[in-house]
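K.L.:
The task is simple: from the sequences and hints, build the whole structure.
Protein chains in written order, with our numbering: chain Z, 1 to 365; chain W, 366 to 730; chain R, 731 to 1095; chain C, 1096 to 1460.
There could be a bad hint or two in this list.
As the list claims (entries may be wrong) - FRET-style restraints, in silico, Cβ to Cβ:
id, chain 1, residue 1, chain 2, residue 2, range
1, R, Gly903, Z, Pro30, 51 to 57 Å
2, Z, Glu7, C, Thr1182, 35 to 41 Å
3, R, Gly1008, C, Asp1265, 52 to 58 Å
4, Z, Gly115, W, Met572, 57 to 63 Å
Stated by the list, open to error - Listed below are the simulated SDA-like cross-link pairs for lysine to any residue, each with C-alpha atoms no more than 20 Å apart in a straight line:
id, chain 1, residue 1, chain 2, residue 2
5, W, Lys729, R, Leu1095
6, W, Lys729, R, Glu992
7, C, Lys1423, R, Met1004
8, C, Lys1376, R, Asn1056
9, R, Lys1011, C, Val1207
10, W, Lys463, C, Gly1168
11, Z, Lys98, R, Val804
12, R, Lys1094, C, Gly1210
13, Z, Lys281, W, Glu680
14, R, Lys828, Z, Gly32
15, R, Lys1011, C, Arg1378
16, R, Lys1058, C, Arg1378
17, C, Lys1459, R, Val842
18, C, Lys1258, C, Arg1301
19, C, Lys1376, R, Thr1055
20, C, Lys1258, R, Glu992
21, C, Lys1459, Z, Glu7
22, Z, Lys98, W, Ala590
23, R, Lys1011, C, Lys1423
Said to hold, decoys possible - To give an idea of the chain Z side of the interface with chain W (calculated C-beta under 7 Å), a few residues:
id, residue
24, Gly233
25, Gly245
26, Gly292
27, Ile294
28, Ser296
What the hints contain is simulated information worked out from the structure, not anything from laboratory work.
The beta-carbon is built from N, C-alpha and C at its ideal position, and this holds for glycine as well.
Okay, here's what each chain looks like letter by letter:
4 protein chains.
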Amino acid sequence: MSSSWGERFRISIFGGSHTEAIGVNIEGLPPGEPLDWEQLLAQMARRAPGQDPTSTTRKEADQPRVLCGLLDGVTTGAPLCAIIENTNQRSKDYSQLKTLPRPGHADYTAQVKYGGYQDVRGGGHFSGRLTAPLVFAGAVARQLLARRGVTVGAHVRKIAGYKGEDRPFDPVGLSPALLERLSGEYFPVIDPAVRQGMRGAIEEARMAQNSAGGLVECAILGLPAGMGDPMFGGAENRIASLVFGIPAVKGLSFGAGFRVAEMLGSENNDPFYMDEAGQIKTRTNHAGGILGGITSGMPLIFSAAFKPTPSISREQDTVDLQAGTNAKLRVTGRHDPCIVPRAAVALEAAACIAAVELLAQSGKL
Amino acid sequence: MSSSWGERFRISIFGGSHTEAIGVNIEGLPPGEPLDWEQLLAQMARRAPGQDPTSTTRKEADQPRVLCGLLDGVTTGAPLCAIIENTNQRSKDYSQLKTLPRPGHADYTAQVKYGGYQDVRGGGHFSGRLTAPLVFAGAVARQLLARRGVTVGAHVRKIAGYKGEDRPFDPVGLSPALLERLSGEYFPVIDPAVRQGMRGAIEEARMAQNSAGGLVECAILGLPAGMGDPMFGGAENRIASLVFGIPAVKGLSFGAGFRVAEMLGSENNDPFYMDEAGQIKTRTNHAGGILGGITSGMPLIFSAAFKPTPSISREQDTVDLQAGTNAKLRVTGRHDPCIVPRAAVALEAAACIAAVELLAQSGKL
Amino acid sequence: MSSSWGERFRISIFGGSHTEAIGVNIEGLPPGEPLDWEQLLAQMARRAPGQDPTSTTRKEADQPRVLCGLLDGVTTGAPLCAIIENTNQRSKDYSQLKTLPRPGHADYTAQVKYGGYQDVRGGGHFSGRLTAPLVFAGAVARQLLARRGVTVGAHVRKIAGYKGEDRPFDPVGLSPALLERLSGEYFPVIDPAVRQGMRGAIEEARMAQNSAGGLVECAILGLPAGMGDPMFGGAENRIASLVFGIPAVKGLSFGAGFRVAEMLGSENNDPFYMDEAGQIKTRTNHAGGILGGITSGMPLIFSAAFKPTPSISREQDTVDLQAGTNAKLRVTGRHDPCIVPRAAVALEAAACIAAVELLAQSGKL
Amino acid sequence: MSSSWGERFRISIFGGSHTEAIGVNIEGLPPGEPLDWEQLLAQMARRAPGQDPTSTTRKEADQPRVLCGLLDGVTTGAPLCAIIENTNQRSKDYSQLKTLPRPGHADYTAQVKYGGYQDVRGGGHFSGRLTAPLVFAGAVARQLLARRGVTVGAHVRKIAGYKGEDRPFDPVGLSPALLERLSGEYFPVIDPAVRQGMRGAIEEARMAQNSAGGLVECAILGLPAGMGDPMFGGAENRIASLVFGIPAVKGLSFGAGFRVAEMLGSENNDPFYMDEAGQIKTRTNHAGGILGGITSGMPLIFSAAFKPTPSISREQDTVDLQAGTNAKLRVTGRHDPCIVPRAAVALEAAACIAAVELLAQSGKL
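P.N.:
Structure (structure tokens):
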């Protein structure tokens, strides 16, 4: 089912931008896991719009309500369903989308697939708003991980138009402390000094009635070696099938990523060694912590490319699906000029969910 | 299950490099599909080693035998299982792998996961040899697609060390004829003139006891608009969960891929227009034919980065898992210095399988 | 996932007897299906307690609220999630269940499985109350079926202690009109005259601080021949995997059911014939409309045996899980002396859901 | 997929009565499990035809060949695929089945579903011969179970026409020794004295050009309490979805089965008590070892009703699908007059497979 993911730790996301509520049903939670409500809200807040000067001015409460699966704040082992009421809906803004599909958006393909019955209001089930329940599920997963020594964090590596240095994670020396810091930030970056420059690039795009893409890198620390399965059950496959469900992702790579295409074996191979504690490690980590689909115990690192949000207010060419003619479109409504900082939160959530699934698949949950 | 893929058109791959046989069980084949045996063998031959001067000198017959699912060359609708006997096995070459894991290979992670019970001979279930049944299943899928107007082809875009121009597909004007040509080649490239240069780079790596990574681009033409599902059932998700099952893939991108991270909305958005025949198209195709996870009817294009094969014969650092010490390793045996040309065939196979699944999911098979 | 069912039409049930709300998420609904709200409520009312003189005196509003998936009463093709708030909770009644497990109930096995973290209030996720979202999903499915000429109905065949005649469906001549009548009744029986006798048997059990089991027969009319798949995807398998999810079901049979064990081939085989309209039918229908797992076009008929509800107020032997001793238990609280009439509604719902899945699997939805 | 079963321990069965080979691919086997080949063959022999005087005279070698997944007789953790060549095929016997469908068989429904492309030879993929790979997989599972203290056995309770006493398992006092004895017999019965009478009833059916149905009861001993999941993942659901995949099963019940419909709560409830060793047990076992879908630690017991094999040689009414007329049919070829003794072996196999899945689901494998 396309809005569900996972075999052992399964999330099912429902709702649309303007439905009464959105939410997520989580199956496969082990019993006896206390959930810290403040930490859940903190993660929800990071994703919520209006938190960062660069994001949209819409204000969404994003207050989750847990319907079941918790008793006195502790998981019961039964499905946990949480919903978020949609309170701030301006449906009129979107009335033309069925006729004039926005370039770069799912309007046209949804129209073909659903024959006009799809909910177009605010993008419907394709809306970036659906990352709210994803982030909720990720925040639940994160608490399970923390109890098992696993840390997850992401940072914005690039914003289109920002000319500063691209500073990736240190794939070998990456510390849990850095990930913990990043996972508390609204616009997570390794070097806080670049944040202002990135915000500047976003602001520039907004001023130009435009939007900006970007690159986010994410890491999982503390996963034991041996998680994941061969072939189609590899850590890469599982993460990919989840991450491409975040709107706007058009590329995903692990470790050295696309650079491997330009490397020789002697450069790319990560030599094993035994550290002083007798632990097996690799001196480099081009593999991004995954060999043959299975975790090596080194930092698991991946990067996702996010396209610029397609909703820009400058005039664009499109077609009139009713008239059957070419047409011009000017998108109105409030839209983020750059969803990348909030997408980083969604990417972390996906990483948390995938990590729990990997642990569960290996009987380590 | 990690060695199986697909919900409606399901492949289950079994075997290892040195088991008695390898094979694939295909479920979900519609009844009444004639399969052309020569075409199946032609695809198998493209992947088989020893076909191109740059590949390994091992000769594997790769002669598939269909056990069931076909009657007089036509599918019955029951599962089709095909096996390939492993005839040319030199098990002695691999005796040290359990003790001295090869850098960049699954030897170490498999050892951790399977506690030493894994079949290490030739890489066991992690061997690139397992792409043979994948290619068989892809060749079956390709014939279903051809009958429905869908064409699949891939080309080698980059080989590590090759300095020539990187020429991608024309994402808008791509023709079925080009894909058909490519899907018949042993070392598929858009411009045959570059093949020699790429072979030179591979030969150079071999001479240096090294190996070379590379980049392959793949396209699917003729998929109708409306295939794929939102969120985790998107065309990208499904393709990704399959493609990362091909050994050595470390990155995957759709359309403009990682370049979207550096683009503005006005650049990346593909404007819609209506062509003379009244068909809705886009003037550019940065989306790679997928919007919101659903096909737009434009060419579906993706690229996969393959790391250099980790088995190189120069000395490398590793650990001795039995002695618990650091160690040196010199990999012996016959290994491709570059698996990229053969990986292109596997990537096409994955594209064919994913395309059939997309059609089946949408009730179009 | 254990609280989800279906591959193409998937229901995920969440909640417990005393959680804030219970509900169901439905995935795989085709777009463009209008849902009649009154009909949905009518089915919910049939299952709700307090409707029949023989049922518990608890009053549950059972008012569903659709959070998403509908737009102006028509399905959008996105997941439809509906919840029912739990308003009438008396948690104190159940305080002893963790210590003194009720014989015949899941108290003990849940305690072992969930280590004491399970929600014991009112049976938690094991409560018969969870048939409310099942009935909701079934009522949705029923409307899809009606539009495709498929009718579903069930009747109470036996109540423990009732001595009257056991009158099953006519497996050949069964009419849609009868099923339609039954599917509107609170205590569905073929011959209304027996209802009073059955109620008497139930009342007798109640007076004796006891409970009564029963047998329900269910039929699906109008499913075309050819639905279902061989082996584990047969119509029987799919129905069984769903029906055993209804609490208290201990047996399930199709067509002549357990009587086939005492039949000879010449008796059991249903001879084919061609009727005047050229339709292929069978003169008898011991097969219950299923041959080789695939529907034959004859009425699909199955029966489910429901055990007496285990919550009886007379004293019973049990163990004290905390003290580690044998103990006596007297169950308090309000309990149905017989859930069979309401279970018939749940069984119909399961049949509706299974029928939609069968149609979807065969591309007929 | 309809010919596959299981989430954690997955079997995929392929082939047909007259294809080149049949087989099973087993995924999810833990690594490091030694498999005793003689024990595997012993189980295969129990199911093979021609072993008992009452079965068909066909002789099938049923010699399995393991293609992969084993190394020196020990599982590697990779998929284990085993095939059985079909050597003794007389295809001519079945030529008329496409035109004149056999009453009670899948000929007609398969014709509708597969549009005439199905393999009709010997019943194709619907053939009882497909229980051979099921029994192979079950025999593998049985060895895993034995190592974990779990025993499985079945016995023939009824044969149509046999008038002797119906003696079920003692649901409380059932011993592993009895199950072990039964699981080694060709025609397993609790009291060897009844075997001759049952054989007589079968012989009588054969003499009358007829066939006989029967009832088989199966038990699993040694499963710990706490296996299985609520709702649709219950032990009953899982077993049912597998057992209805054995040809001819028309009914399935657990514990007291359909008798619960005639019981009062005070009769049906199994009182808990603590035995001398401090173990929690029930004094009766009407629940068949399952409460709320979860094992209680008591013997898990179920019964399956098998219809008489539909292939009888006396003249029957059918239709001529080509001529579109009513017709007469006389089935030729060699057919068992009663498949029940061999079906008992298949039922045991299903129980073994389901038990391994239950353990795997609970992380106990």
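K.L.:
Each hint needs a verdict: does it hold in this structure or not?
P.N.:
Each hint tested on the structure:
1. R:Gly903 with Z:Pro30: 51 to 57 Å: 52 Å, holds
2. Z:Glu7 with C:Thr1182: 35 to 41 Å: 39 Å, holds
3. R:Gly1008 with C:Asp1265: 52 to 58 Å: 55 Å, holds
4. Z:Gly115 with W:Met572: 57 to 63 Å: Cβ of glycine 115 of chain Z to Cβ of methionine 572 of chain W: about 59 Å, so the range 57 to 63 Å holds.
5. W:Lys729 with R:Leu1095: 13 Å, holds
6. W:Lys729 with R:Glu992: 45 Å, violated
7. C:Lys1423 with R:Met1004: Holds: lysine 1423 of chain C and methionine 1004 of chain R sit about 12 Å apart, inside 20 Å.
8. C:Lys1376 with R:Asn1056: This hinted pair holds, its Cα atoms lying about 11 Å apart.
9. R:Lys1011 with C:Val1207: This hinted pair holds, its Cα atoms lying about 13 Å apart.
10. W:Lys463 with C:Gly1168: At roughly 18 Å apart (the allowed maximum being 20 Å), glycine 1168 of chain C and lysine 463 of chain W satisfy the hint.
11. Z:Lys98 with R:Val804: 16 Å, holds
12. R:Lys1094 with C:Gly1210: 15 Å, holds
13. Z:Lys281 with W:Glu680: 18 Å, holds
14. R:Lys828 with Z:Gly32: 15 Å, holds
15. R:Lys1011 with C:Arg1378: 49 Å, violated
16. R:Lys1058 with C:Arg1378: Given pair lysine 1058 of chain R, arginine 1378 of chain C holds - Cα atoms ~14 Å apart, limit 20 Å.
17. C:Lys1459 with R:Val842: Given that 20 Å is the threshold and the Cα spacing comes to 14 Å, the pair holds.
18. C:Lys1258 with C:Arg1301: Roughly 17 Å separates the two Cα atoms, so the pair holds.
19. C:Lys1376 with R:Thr1055: 12 Å, holds
20. C:Lys1258 with R:Glu992: Holds: lysine 1258 of chain C and glutamate 992 of chain R sit about 10 Å apart, inside 20 Å.
21. C:Lys1459 with Z:Glu7: Holds - the C-alpha atoms of glutamate 7 of chain Z and lysine 1459 of chain C are around 17 Å apart, at most 20 Å.
22. Z:Lys98 with W:Ala590: Measuring from Cα to Cα gives roughly 16 Å; hence the hint holds.
23. R:Lys1011 with C:Lys1423: This hinted pair holds, its Cα atoms lying about 15 Å apart.
24. Gly233: 3 Å, holds
25. Gly245: 4 Å, holds
26. Gly292: OK, holds: glycine 292 of chain Z within 7 Å of chain W, min 2 Å.
27. Ile294: 4 Å, holds
28. Ser296: At 5 Å from the nearest chain W Cβ, serine 296 of chain Z passes the 7 Å test, so the hint holds.
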